[in-house]
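J.: If you want the building blocks of each chain, they are given just below.
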Amino acid sequence: MIQAFEWEKPILELEAKITELRQFVDSAEMDFSKEINTLERRVEKLRKEIYEKLTPFQRVMMARHPKRPTTLDYIDLLFDDFVEFHGDRFYRDDGAIVGGIALFEGQPVTVIGPQKGRDTKENIARNFGLPHPEGYRKALRLMKQAEKFGRPIITLIDVVGAYPGIAAEERGQGLVIAECIEEMSFLRTPILAIITGEGGSGGALALGVGDRILMLEHAWYSVISPEMCANILWRDSSRAAEAAELLRLTPTDLLKFGIIDDVITEPLGGAHRDHALTGQQMRAFMRRYLAIINKTPLDQLVEQRLARFRKIGQFAEKQLAEM
Amino acid sequence: MLNVFRSKPKYATVKQHERVEKKDFPDNLWTRCDCCGKMIYNKELEKDGFLCVHCGHHFRLCASQRLAKLVEGHDFQPFPPLIAADPLTFPGYPERIKLAQEQTGLDDAIIIGKACVRDSPCVLGIIDFSFIGGSMGSVVGEQLVRGFEYALEHRLPVVIFSGGGGGARMHEGIFSLMQMAKTAQAVGRHSRAGLLYISVLTHPTMGGIYASFASLGDIILAEPGALIGFAGPRIVEETTRQKLPPGFQTAEFALAHGMIDDIVPRNQMVDYVGRLLKWHR
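Quick mapping for you: the protein sequence lines, in order, are chains A and B.
Heads up, the first sequence is in the numbering used here, so the first residue is 81 and it goes up one at a time.
Heads up, the second sequence is in the numbering used here, so the first residue is 975 and it goes up one at a time.
No wet-lab data here; the hints were simulated from the structure.
There may be inaccurate statements among the hints.
Just some of the chain B residues that point at chain A, by a computed CB distance under 10 Å [claimed, not checked]:
#1 ASP1060
#2 VAL1113
#3 MET1152
#4 ARG1166
#5 ALA1167
#6 LEU1190
#7 ILE1193
#8 ALA1228
#9 GLY1232
So the derived list for chain A, only partly shown, Cβ under 7 Å to chain B, looks like this [unchecked claim]:
#10 LYS125
#11 PHE162
#12 GLY254
#13 LEU327
#14 LYS398
Beta carbons are placed, not taken as given, at the ideal position from N, Cα and C, and that holds for glycine.
Taking the hints into account, I'd like the entire structure generated from these sequences.
T.: Written as structure tokens, this is what we have:
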């Protein structure tokens, strides 16, 4: 059984009971269909009650579930014939960001995203999905390659932040993020950005300047992680749940704010419970939005991309504010 | 990102923080340098742009002090002021803004407008650390963008002193993060029109400010000893559990690692920037 959260234990217990009863029916040739039906209705109700009322921090935890699909899983689910390209042509290949060319429904696209490990060994190799500057340089290299050959770019974003390390600072972490953001903004090719899990600050935005920005239902996106926010506010990162409420980091909030364009529904209980179904839901959204941006003339596309970010921000003119 | 400056990591440059509160240098005649400990006659301190006459240590300047040093009595026309909103209804944020406004006399963490530096017209922006750590929310982002747009329209160079970039302002959440994209794009448009942007990094330039407009200058300068970096030293230390190398994330470190063009002491800044502006006219 997959790892369960405390709040969904009642559901999983009931589900286990139903499975057990079914097995018993099969072996004992007795009719328990009425009981099973009742239990199923109960579990359905319970699922609705629990999953539709997830708190922001429960969503953050869903986004971090160890069995949640990673970027390479999504690439497997959604694309054909992926070839991975490595390295920034400069320093080294950063495993915390993967990228390359693949076919999306027959069309060659460049696909890029931060990659978390699926087990401890992979996590160590991939620095727990925390990219170094060379990772972002690789991403930028691949994005420019896509522009040159007129391929759309799809970024799949799941990163808690760019790596805060000594070597990362020595090699210009801040600088390269700025470069990524700036260059991506002016690329003359369609860009679809999807926040699949964690959208942590500059490390996420560095891949997030898209013509359309989508988000999975249990993903989060903010300027700071709830833990760090709690640390600043109360010097206590264990109060992350409270901070998550304050940061308004859920797709529902971000859609309302006009930061993202759409929310991709996940299977009930989260993407980790059904990778294939998650892929199917994503595919439909991707097809729809790619079709729109593929059709838009490039000049217009870049103008619209810039205009989109230009208008973000809330403030008042002083004269008006003081009247 | 902001947190770095509010705590006191075990880090040499961070000692300067205590100075923020007493930036006005009260009426007494002498100030003790936090760096070398020697006493400096206040008039001398002021004359030199708040540099220690003994060790060259750079005291923190507020935006208006810095502005005076740069425009040298010439005209400065600030852009219309903007006031922060509270898009997330973040507890305590409106009060924090109000307090910062009262304490600093600023509307937000930036002053920006049309200026003349050594006879060269430009758009000049200065970020003030004493306003919520010099962090970038919607107002700072919008003002910077308006500055670059004005400069683009009038074909002017831009000079920004990221003096005290506490990074993105947490209280505005995703809106602050998006200012990174917005300002980077404004720089990009200005740059693509062939215009000059000089970014001067002063203590401290970190996080979302460093990872957006401040890193995108055609020429990037820094004041001696300024803290410059993406992640704060405390975060780096906690994450890596490594001892930080001496001078980590200082201007000198950034210069040695190829991240900035030059380090310019404050008392040479006007000459230096003025000359660059003249050469690009």
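J.: A separate judgement is required for each hint: does it hold in the structure or not?
T.: Hints, one by one, checked against the model:
Proximity of ASP1060 (chain B) to chain A holds as hinted, the smallest CB-CB distance being about 8 Å (cut-off 10 Å). With 10 Å as the threshold, the beta carbon of VAL1113 (chain B) comes within range of chain A, its nearest partner Cβ sitting at about 5 Å, so the hint holds. Interface restraint check: MET1152 (chain B) against chain A, minimum CB-CB distance 4 Å, threshold 10 Å, status holds. Annotation: interface hint on ARG1166 (chain B) holds; nearest CB of chain A at approximately 7 Å, less than 10 Å.
Checking ALA1167 (chain B) against chain A: minimum C-beta separation of about 12 Å lies over 10 Å; hint violated. Taken as an interface hint, LEU1190 (chain B) checks out: its beta carbon lies about 5 Å from the nearest beta carbon of chain A, inside 10 Å. The restraint placing ILE1193 (chain B) at the interface with chain A is violated, with a minimum CB-CB distance near 14 Å, outside the 10 Å limit. Hint on ALA1228 (chain B) holds. Least Cβ distance to chain A is approximately 9 Å, under the 10 Å limit.
For GLY1232 (chain B), the suggested interface contact is upheld, since its CB lies about 8 Å from the closest CB of chain A, less than 10 Å. A hinted interface residue such as LYS125 (chain A) counts as satisfied when its beta carbon comes closer than 7 Å to some beta carbon of chain B; here the least separation is about 33 Å, so the hint is violated. For the restraint placing PHE162 (chain A) at the interface with chain B, the shortest Cβ-Cβ distance is roughly 28 Å, beyond the 7 Å limit, so the hint is violated. Satisfaction of the interface hint for GLY254 (chain A) is found here, the shortest Cβ-Cβ separation to chain B being roughly 4 Å, below the 7 Å cut-off.
For LEU327 (chain A), the interface hint holds, the least distance from its beta-carbon to any beta-carbon of chain B being 5 Å, beneath 7 Å. At a threshold of 7 Å, the smallest CB-CB gap from LYS398 (chain A) to chain B is about 4 Å, leaving the interface hint in force.
Going through the hint list in order, the structure does not satisfy hints 5, 7, 10 and 11.
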